[in-house]
Structure formats: C-alpha cells, structure tokens
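Trainee: Sequence:
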Amino acid sequence: MKTAMDIPDKEGRKRIIIVGGGFGGLKLARKLKSDKYQVLLLDKNNYHIFQPLLYQVATAGIEPSAISFPFRKIFKRREHFHIRICEAQQVFPENNLLETSIGTVAYDYLVISTGCNTNYFGNDSMAKNTMALKNTSEALFNRNQILDSFEQAQNTNNEEERKRLMTFAIVGGGATGIELAGALAEMRKFVLPQDYPDLNINEMRIVLIDAAPRLLSAFSDVSSQEVAEYLRKRDVEIKLNALVKTYEDNKLVLSGDTVIETNNVFWVAGVKANSLQGLSIEAYGPGNRLKVDSFNRLLNYANIFAIGDTALMITDQYPKGHPQVVQPAIQQARNLIVNLQRLEEGLPLQPFVYHNKGSMATIGRNNAVVELKKMRFGGFPAWAVWLFIHLMSIVGVKNRLFIFVDWMWSYFTYDPSLRIIIKPLKRE
Numbered sequence: 007m008k009t010a011m012d013i014p015d016k017e018g019r020k021r022i023i024i025v026g027g028g029f030g031g032l033k034l035a036r037k038l039k040s041d042k043y044q045v046l047l048l049d050k051n052n053y054h055i056f057q058p059l060l061y062q063v064a065t066a067g068i069e070p071s072a073i074s075f076p077f078r079k080i081f082k083r084r085e086h087f088h089i090r091i092c093e094a095q096q097v098f099p100e101n102n103l104l105e106t107s108i109g110t111v112a113y114d115y116l117v118i119s120t121g122c123n124t125n126y127f128g129n130d131s132m133a134k135n136t137m138a139l140k141n142t143s144e145a146l147f148n149r150n151q152i153l154d155s156f157e158q159a160q161n162t163n164n165e166e167e168r169k170r171l172m173t174f175a176i177v178g179g180g181a182t183g184i185e186l187a188g189a190l191a192e193m194r195k196f197v198l199p200q201d202y203p204d205l206n207i208n209e210m211r212i213v214l215i216d217a218a219p220r221l222l223s224a225f226s227d228v229s230s231q232e233v234a235e236y237l238r239k240r241d242v243e244i245k246l247n248a249l250v251k252t253y254e255d256n257k258l259v260l261s262g263d264t265v266i267e268t269n270n271v272f273w274v275a276g277v278k279a280n281s282l283q284g285l286s287i288e289a290y291g292p293g294n295r296l297k298v299d300s301f302n303r304l305l306n307y308a309n310i311f312a313i314g315d316t317a318l319m320i321t322d323q324y325p326k327g328h329p330q331v332v333q334p335a336i337q338q339a340r341n342l343i344v345n346l347q348r349l350e351e352g353l354p355l356q357p358f359v360y361h362n363k364g365s366m367a368t369i370g371r372n373n374a375v376v377e378l379k380k381m382r383f384g385g386f387p388a389w390a391v392w393l394f395i396h397l398m399s400i401v402g403v404k405n406r407l408f409i410f411v412d413w414m415w416s417y418f419t420y421d422p423s424l425r426i427i428i429k430p431l432k433r434e
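In short: position in the sequence shown from 1, add 6, done, that's the numbering used here.
Source of the hints: derived by calculation from the structure; they are not laboratory data. Every value quoted in this text rests on a predicted model; they were computed, and no experiment measured them. Be careful, since some hints might not be right.
Claimed, not checked - Pairs of lysine to any residue residues, derived as SDA-like cross-links and limited to a Cα-Cα distance of at most 20 Å, are as follows: (1) K195 x R371; (2) K50 x I89; (3) K140 x Q151; (4) K278 x N309; (5) K297 x V359; (6) K140 x T124; (7) K79 x N51; (8) K79 x R406; (9) K379 x H361; (10) K379 x A224.
What the hints assert, rightly or not - With beta-carbon atoms standing in for the labels, derived distance ranges: (11) I395 x K239: 23 to 29 Å; (12) R84 x Q283: 25 to 31 Å; (13) P430 x T162: 20 to 26 Å; (14) F386 x I287: 46 to 52 Å; (15) P76 x E243: 37 to 43 Å; (16) P76 x K20: 57 to 63 Å; (17) G364 x T264: 33 to 39 Å; (18) N163 x K251: 27 to 33 Å.
Glycine included, each C-beta is placed from N, C-alpha and C at the ideal position.
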C-alpha cells in the first residue's frame, strides 16, 4: 500500500471523501457544511465539465473553457475543504482507506460519484480507432479531426480519399448522437461552403447508425419520428437495426455486411460506470454500476455511498436503475446531504425518490424536442427551452455570458468563429 496522502488534520471533524467532481459530486461538495465536516474532493482533472454541451465544442460551436470550471475557483475561501488532483484506484473498506495515485487516505464517509466512460462492449477496434465524446480532451480531438479532414480533402487529388475524409459516421442514436448529427448538418449547410468554396460540400456524408429500431429510444415514438424526419430533411442518412461489426482500414462494417468507407467514426453508443475496485463482487451490477439501497448506500457497506451514473438503485419504477443523466445525480446528492446529517444525529435515513423533470434534446437551429410528464413539444419553443435550461445550468455568470454571446453570434451570423485546429505539441 502507498504512503499516506498529505491532508491536514481533521480537527475532530468527520472526513467525507468525494471521488469525482461531476454533477453529483459537485452539488454534494458545494452544499456540505464545512463547519461540520472536513471535505476532500478528488478528481482526475482540476475542473468540472458541463458534459451536455461537449458536442458543441467538438463542432466548433463554443470554446472548451466556457463549459469547464476550475474546482479551486469554485471552492476558494472554503474552510476545511481540500482538493487533490489524482486518480482513485482502490478502496479498502475494512480499514476505511482509499488508495489513490498520490497516496492513501482515511475516510469516515466515502462518496463515489465517478460517472461513466464510453462503453465499447468489448470491441477493441472501436476503442482504438473511433472518436468518443465524454471529456474536454476528446471534444478538442474531435474538433481537430473534423476540421483537419476538410483541410486534407481540400489538398488531395484522390477522389476516393476525398470521399472518405468527408464521410462522418456516428454510432449511437441517443441524445448525443442526434445532437452531433444535427450540428454537423448545420456546419454543412451554413459554414463549410463559405470556408471551403473549392470543395463540393454536397459530397459530405453524415451517417447516423443505431442498433435499435428507432432513434432516441428513451423518448416517445412521436419525438423519435420527428427527429428522424428533421435529420433526413437535412440529408443525414439514418441506419436503424444496424449492428457495428468492425472498423479497420477506414472501413466501417455493419450487420448485413454493409460497408461505409470513412476516416471519421464517432462512437456514442453506450456508457460504462467508472466504479472503484476493492469492493466485494456482489457490489457490482450491470454496466459496472455499484448496487445501492434506497439511501444511495452501498449494499453491506455502512459508510460508503454512490450517486449519479455510478449508482444502481433498483426500484419498481426503474427496474434497471435510474437513467444515467444529470438530474438523478443532482437529486441524489441533495438527498445524501440530508442523510449524512441524519446519520450524525442518529435519525432514520430518508429514502431517495426520483422526480423526473423530463427529457430534452436539440437537433439543430430552431429545433429540439422536450418531453415533460404531461406534455411534449418540439420546434422553436422546445429549442428556446433547451437553450434557457442549459444556460441556467452552467456554473458562473461569466461562463453563461460567454456561451450566450457565442450562441447569439452563431444564430444571427450563421458563422461560429472557433474553427481552429490546435494540435498537441510533440517533443522529439
């Protein structure tokens, strides 16, 4: 076991370690009272990221700093609050110890909110050769790839190579997949003809692939049909009931031996929880999620909790667990704050009840779908609601202003101004 992490003395307070600064972890960390606990936030990055807008970074709609928020700025002047940038590796529950890449640390309460990563379902060629979209680095890589593909297409005399460079395949017909397809279609219509007048932009293909019989399977049939119709009108090819077999040598092979020749494949087809090692095998459920009771406490572990995408809470209404989206993570964090206090006071814990506020997805300029409990709507009103909700969910007034200005500029000029290829430095 590694040496102990350098953390100040608890001064008689209970130490709560929060692993992961996503939506659930950030909400928990911001609302916990520092006068009652010592809080230690661990994350691989030094910032919180607003993941729902990563696709706009990837398609040059907004800059990455607008949706990335440094933890140390958020928590400045907080007493008894500590941040360490590291990777949590293994928990030793019998000793209340957590091992990380920078040392071990003891805890009184451990909260695992490590979110999800891309799930390739064991397909190594997909993991190696396709583009994911779960963090800022991947979004910037994708932006470089998209823009560089057109630069290379501009420079080649090989017609087949040009077609491969201008073909974009998106595997996964959920919200991220349709938002990415819609954003690429917007680029093809409004931006690329101006930037590349010497290219025949009509040769650009956008292919959206899903194994399910319809897009947006978490939404109603009506919304799925509306989205499909909208994308088809913008010349997005949709392939349903299509399983991906392999992607090698720039050939994406689907079930039925359909082959799509492309240099650009986005994989947004599934997620897998980033659960910690060291727990009993019974603690892990489907998708590597951690099984929790109605209080978000790990089964058979009195002082370890999991919230958000990592947590698998089985209920009558959600037999496969809550959806791995923002709202369950935030609501579970709020409920856990109450329960940590009740634990200290020796009171019965308060079970978590998910209040589904609805779902939404945008598919392009002036168009989105919104589904609430008792109503659904699309078109411009849904798009306006989508803009407002996402803008208000951003951390910090300054960041909201930056994103609002970017959106308004793009809306009125049809010309996002962030089409910059920034390649990583390579030292010899």
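Trainee: So, for every hint listed, does it hold in this structure?
Mentor: Now for the hints, and whether the structure bears them out:
1. K195 x R371: 11 Å, holds
2. K50 x I89: 11 Å, holds
3. K140 x Q151: Holds: K140 and Q151 sit about 16 Å apart, inside 20 Å.
4. K278 x N309: 24 Å, violated
5. K297 x V359: Between K297 and V359 the Cα gap is close to 16 Å, so the pair holds against 20 Å.
6. K140 x T124: 7 Å, holds
7. K79 x N51: 14 Å, holds
8. K79 x R406: Distance ~16 Å between K79 and R406 Cα, so the pair holds.
9. K379 x H361: With a Cα-Cα distance of about 10 Å, the restraint between K379 and H361 holds, given a limit of 20 Å.
10. K379 x A224: Status holds; Cα separation ~13 Å.
11. I395 x K239: 23 to 29 Å: 25 Å, holds
12. R84 x Q283: 25 to 31 Å: 30 Å, holds
13. P430 x T162: 20 to 26 Å: 24 Å, holds
14. F386 x I287: 46 to 52 Å: 51 Å, holds
15. P76 x E243: 37 to 43 Å: 41 Å, holds
16. P76 x K20: 57 to 63 Å: 27 Å, violated
17. G364 x T264: 33 to 39 Å: 35 Å, holds
18. N163 x K251: 27 to 33 Å: Holds, at about 32 Å.
Hint compliance for this structure: hints 4, 16 are broken, all remaining hints hold.
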